[in-house]
Amino acid sequence: MGSAESKQIEGRLLTSSLGKTNFNKSFNLYYESIRHGLKFVIGEHKNEPSNIISLPGGWYGDLILYNGPNIDSEPLAAVKYGNKMGTFDEVRLPPEEPGQGLIKEEIRCRRNGMNFAYTFAVPVGESGYPEKFEWRSSKTEEVKELGEMSRGWKLVRLNHGDEVVAVWSWTRLRWTVNKGAAFKFTNSGATGELGNVFAIMAVTSFIRHYQKEIQASINAGAAA
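Residues 47 to 270 in our numbering are what the sequence shown lists, from first letter to last.
Please note that a few of the clues may not be correct.
Taking lysine-lysine and the BS3-like style, the derived pairs with C-alpha atoms no more than 30 Å apart in a straight line are [what the hints assert, rightly or not]:
1. K190 - K150
2. K85 - K53
3. K85 - K230
4. K71 - K92
5. K71 - K225
Bear in mind the hints are in silico, worked out from the structure with no lab data behind them.
Model the full structure from these sequences, guided by the hints.
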């Protein structure tokens with residue numbers, strides 16, 4: 047049985063819009079609620095959130111990103127498992143135009159050495175030509191500039207010489223009940239030239255990645 051929020055989300059997405067998003071170029075991920083449904087907010091400061099994220103089924107369920115600081119805001123993306131093996135997730139986005147169907151994208155997971163890499167492809171910019179992007183484990187300067195952990199993840203633009211277009215890392219106090227992670231758009235990812243669908247997928251895939259990292263930590267703790 048899914049939550050009421052999860053059951054209603056497809057209808058809400060159909061009446062939502064891919065219009066202007068309000069992501070900051072850099073922001074933090076904060077825990078908003080644990081006791082009354084698992085929720086996060088993102089923003090430069092916790093008391094000035096740009097968006098709320100809901101996990102109605104907890105750490106192992108769906109993920110919903112809203113275009114505002116509460117769940118009454120329009121939804122921007124909804125993520126669910128694509129298969130039982132967890133090798134890919136299905137992402138649903140609002141229609142390009144009113145009356146059209148939902149946009150459906152995927153986040154694919156694969157082994158990359160000792161870590162996992164997460165890949166998605168979306169149409170970018172004015173041309174609308176599809177390009178592929180991939181989250182990889184990294185210790186690049188862009189990650190270090192977040193001022194948190196020295197190792198994190200970089201989002202590379204595979205069609206353009208692995209240009210780094212976003213980064214994220216855990217906070218130094220990894221298990222704090224306040225701030226969980228830091229994120230930043232970089233290079234062409236920060237200019238807006240890649241378009242709204244890219245921005246939404248970059249943020250959504252980051253938060254889904256964070257969710258799966260927490261799952262792995264919970265599973266490791268249970269097995270210890």
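Status of the hints after comparison with the structure:
1. K190 - K150: Violated - the C-alpha atoms of K150 and K190 are around 33 Å apart, more than 30 Å.
2. K85 - K53: holds (17 Å)
3. K85 - K230: Holds, at about 21 Å.
4. K71 - K92: Judged against 30 Å, a Cα distance of about 16 Å means the pair holds.
5. K71 - K225: holds (17 Å)
In terms of the numbered hints stated before, the structure departs from hint 1 and from no other.
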